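Number of protein chains: 2
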Amino acid sequence: MDLLDLMRRLHVKNSTKIVLLVADGLGGLPLQAGGKTELETAQTPNLDALAARGVLGLSTPVLPGITPGSGPGHLGLFGYDPLQFQIGRGVLEGLGIDFDLGPNDVAIRGNFCTLDAAGNISDRRAGRIASEIGARLCAKLDQIKIPGVEVFVRPVKEYRLVVVFRGAGLGGNVEDTDPQKTGVPPLDPVARDAGSKTTADIARSFLKQAREVLKNDAPANFFTMRGIDKRPHIPTFEEVYGLRAGAIAVYPMYRGLARLVSMQVLDAGQTLDDQCRRLEQSWNDFDFFFMHFKYTDSTGEDGNFAAKVERIEQLDSAIPQIAALKPDVLIVTGDHSTPSKMRSHSWHPVPVLLAADSCRSDACTSFGEAQCLSGGLGQFPAKHLMSLALAHAGRLEKFGA
Amino acid sequence: MDLLDLMRRLHVKNSTKIVLLVADGLGGLPLQAGGKTELETAQTPNLDALAARGVLGLSTPVLPGITPGSGPGHLGLFGYDPLQFQIGRGVLEGLGIDFDLGPNDVAIRGNFCTLDAAGNISDRRAGRIASEIGARLCAKLDQIKIPGVEVFVRPVKEYRLVVVFRGAGLGGNVEDTDPQKTGVPPLDPVARDAGSKTTADIARSFLKQAREVLKNDAPANFFTMRGIDKRPHIPTFEEVYGLRAGAIAVYPMYRGLARLVSMQVLDAGQTLDDQCRRLEQSWNDFDFFFMHFKYTDSTGEDGNFAAKVERIEQLDSAIPQIAALKPDVLIVTGDHSTPSKMRSHSWHPVPVLLAADSCRSDACTSFGEAQCLSGGLGQFPAKHLMSLALAHAGRLEKFGA
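So the sequence lines, in the order shown, correspond to chains Y and Z. Going letter by letter, the first sequence gives residues 4 to 404 in my numbering. Going letter by letter, the second sequence gives residues 4 to 404 in my numbering.
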């Protein structure tokens with residue numbers, strides 16, 4: 004019996020509330036050996052009080068040593084094994100621009116490129132054209148018609164775009180057309196299985212028209228296709244956990260990830276204050292709230308230790324508003340680590356704080372990586388966080404008699 | 004997606020160097036409750052300095068409570084699940100005498116035995132004949148010809164020998180002929196599957212001739228066959244990890260295990276000094292070095308606590324030479340525990356030390372079992388050590404976007 008089956012079988016419904024507050028890229032590293040991490044450096048009186056009341060631990064998003072992207076990081080937190088449920092690059096790009104991908108959609112990440120007179124790629128990113136140019140070219144491509152399918156072309160940023168083919172029975176298993184080098188022509192979209200032959204034909208037909216449409220638009224006189232895929236079939240939060248789940252995320256990518264597991268995406272506004280207000284206003288409508296805070300990751304990716312510390316302190320200052328709602332279970336964690344020292348996501352285990360009346364409290368009195376290492380939750384795969392949340396919310400029956 | 008597929012997909016190449024120093028049977032036990040283990044008793048200033056800089060943990064070679072042999076112990080360290088990749092006893096015996104087993108070889112462990120006048124086994128080890136006698140009898144058996152296959156017979160030690168049949172299409176699935184008791188005749192070599200029928204026929208024909216050849220050599224007037232098997236198909240280190248790997252091991256068994264995963268086996272000389280010199284000389288030729296130190300295991304198996312402590316101190320004194328090469332990742336661990344109190348391999352978790360610039364250092368300041376228990380790596384399956392090594396060497400891409 005796999006984990007989701009177990010949850011399906013054991014979950015019960017009650018009136019408890021669970022809040023999962025995800026500070027993106029929360030885990031960090033000290034700048035110097037023996038020093039403190041960002042989280043340990045930050046002044047976090049509210050998180051520390053929660054830590055004293057609750058229980059700490061460290062989660063492994065995928066496997067030891069594996070650095071997750073945002074997709075696998077969040078799926079793990081939502082209790083779905085990220086190695087079992089994989090999300091194609093095209094789908095993630097679609098989610099990232101708030102495109103509402105349906106089960107009949109094939110999503111493709113596109114890169115505008117430059118073709119020379121011989122038809123070979125001379126620049127794989129079309130000189131990194133401005134976003135406005137990309138948007139204008141996407142509007143032109145969006146006019147292309149293919150019989151039997153709907154076509155959507157949307158700009159992402161600079162030379163990046165998303166193409167979606169919507170139609171019944173389209174397979175998503177088609178090779179990239181980006182040859183990953185210059186001096187050669189783009190590749191043909193080749194189906195990897197019989198069920199994706201129609202998709203490959205549609206892509207070929209679309210690319211033929213696109214070449215004509217863009218022929219005078221150098222440097223962006225063509226585009227390549229990557230990460231062609233459908234959204235994976237992911238069982239819904241409601242079906243697996245019996246939870247009515249609401250997502251309160253400012254950034255499109257995280258709204259999209261919440262939509263993948265069929266959470267209801269709420270209007271989050273622009274700021275953490277807006278998000279907290281939304282939480283208050285929606286409190287009676289859901290059992291589970293996923294709140295996402297982006298800036299602990301973006302400051303980490305900027306390599307800005309001090310700014311990440313400041314963002315953690317900002318997060319800390321929002322805790323009283325959330326705690327005032329008296330959630331039965333309040334979890335504060337990250338989807339992965341983003342040490343500002345590394346300026347990137349990393350594989351290091353992620354701090355977890357779980358506060359509930361049923362915690363077997365540990366000796367930890369502040370929220371930080373070193374304290375988490377001795378926390379009562381130990382080190383555990385992130386995919387087990389949801390069953391812990393449900394248990395502390397009294398939402399899981401006994402297994403076996 | 005299994006672990007090796009994940010490694011295949013995520014690994015990248017760069018110029019970093021990884022050293023995996025395996026002190027065989029490193030883990031131990033105190034002689035008296037509350038006392039110190041061998042590793043904790045030893046004076047290890049160099050390992051302690053590494054521990055302070057790096058991160059510690061405890062690895063489980065196979066599963067909790069499972070005591071591994073050298074084969075599973077090392078496969079786990081090399082990142083191959085020891086329950087998935089199993090090595091037959093005949094193959095291991097072949098590796099242990101430095102016999103270069105190929106993919107067409109069926110390897111068999113033999114035991115010289117004594118048959119009485121009725122053809123029943125009266126001694127399963129032929130009175131533990133001297134090694135010189137075993138070697139002389141093997142030379143006689145090595146003359147036996149079987150049409151269509153090459154036959155190799157090599158002495159191991161005392162009454163033990165290795166027989167190898169080399170030929171295309173030979174299956175390795177044949178029952179032992181050792182009945183595991185006396186007073187009965189040896190068993191017939193019976194094929195367990197259709198593909199091994201030819202092998203069983205060859206074995207039968209070989210045994211018939213062997214009985215004739217040995218008939219006047221009592222007490223060793225016959226031999227039994229055990230652990231008949233081919234070497235398992237194990238994906239190469241290069242293919243899985245993209246690593247050019249060199250093995251520096253004094254003992255044949257460990258050279259053989261390195262060869263199983265297609266490491267290049269280097270001339271290791273006879274001493275730890277020789278091994279360190281080889282490491283220096285080969286530094287530019289490989290990305291990954293497996294160094295093996297046998298004596299922490301053999302002193303443990305002798306039940307000699309003080310000698311094991313001394314060997315650990317000898318190992319410690321070699322650390323500066325290795326560290327001077329500035330490996331990006333230096334790991335010191337064992338393939339299993341061999342507590343001298345037990346005089347045998349054991350299932351106890353194995354101390355792990357990983358030193359790299361990207362470590363999230365823990366509070367540990369010396370290398371020992373108790374400190375490892377509070378180390379930042381936690382307790383983890385040994386098969387995940389390789390992905391941690393690659394991550395710290397910057398050799399793994401992000402999983403998912």
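Careful, some of the hints might be misleading.
Identical copies carry no separate label here, and so any pair may be met within one copy or between two of them.
[Said to hold, decoys possible] Computed cross-link-like contacts, DSS-like style, restricted to lysine-lysine with a CA-CA straight-line distance of at most 27 Å:
#  : residue 1 : residue 2
1  : Lys16     : Lys297
2  : Lys211    : Lys401
3  : Lys344    : Lys143
4  : Lys218    : Lys20
5  : Lys329    : Lys16
6  : Lys329    : Lys401
7  : Lys148    : Lys184
8  : Lys20     : Lys297
9  : Lys184    : Lys160
10 : Lys16     : Lys184
11 : Lys218    : Lys160
Because the hints were derived from the structure by calculation, they are not lab data. These numbers come from a predicted model, not from an experiment.
Original post:
How do Lys211 and Lys401 come out at 27 Å by Cα distance, when the copy is not named: within, between, both, or neither?
Top reply: Classified as neither: same-chain Cα gap 59 Å, cross-chain 33 Å, threshold 27 Å.
Original post:
How would you classify Lys344 and Lys143 at a CA-CA limit of 27 Å: within, between, both, or neither?
Top reply: neither (42 Å within a copy, 67 Å between copies)
Subject >> Homomeric proximity label, Lys16 with Lys184: Cα distance no greater than 27 Å >> reply: between (54 Å within a copy, 18 Å between copies)
Original post:
Taking 27 Å as the upper bound on the Cα-Cα distance, should Lys329 and Lys16 be classified as within, between, both, or neither?
Top reply: within (18 Å within a copy, 50 Å between copies)
Original post:
Given a CA cutoff of 27 Å, do Lys20 and Lys297 count as a within-copy pair, a between-copy pair, both, or neither?
Top reply: within (23 Å within a copy, 35 Å between copies)
Original post:
For Lys218 vs Lys160, is the C-alpha pair at or below 27 Å within one copy, between two copies, both, or neither?
Top reply: within (21 Å within a copy, 78 Å between copies)
Original post:
When no copy is specified for Lys329 and Lys401, does a C-alpha distance of 27 Å or less occur within a copy, between copies, both, or neither?
Top reply: within (25 Å within a copy, 37 Å between copies)
Original post:
Is the C-alpha distance from Lys218 to Lys20 at most 27 Å within one copy, between copies, in both cases, or in neither?
Top reply: neither (56 Å within a copy, 48 Å between copies)
**OP:** Can you give me the call for Lys148 and Lys184, within, between, both or neither, at a CA distance of at most 27 Å?
**Re:** neither (30 Å within a copy, 57 Å between copies)
Subject >> Alpha-carbon proximity between Lys184 and Lys160, which holds within one copy, between copies, both or neither at 27 Å >> reply: For Lys184 and Lys160, the Cα distance is within 27 Å only inside one copy (21 Å; across copies 58 Å).
**OP:** State whether the alpha carbon distance between Lys16 and Lys297 is at most 27 Å within one copy, between copies, both, or neither.
**Re:** Result: close neither inside a copy nor across copies, 31 Å intra and 31 Å inter.
In this structure, the hints that do not hold are numbers 1, 2, 3, 4 and 7, in rising order.
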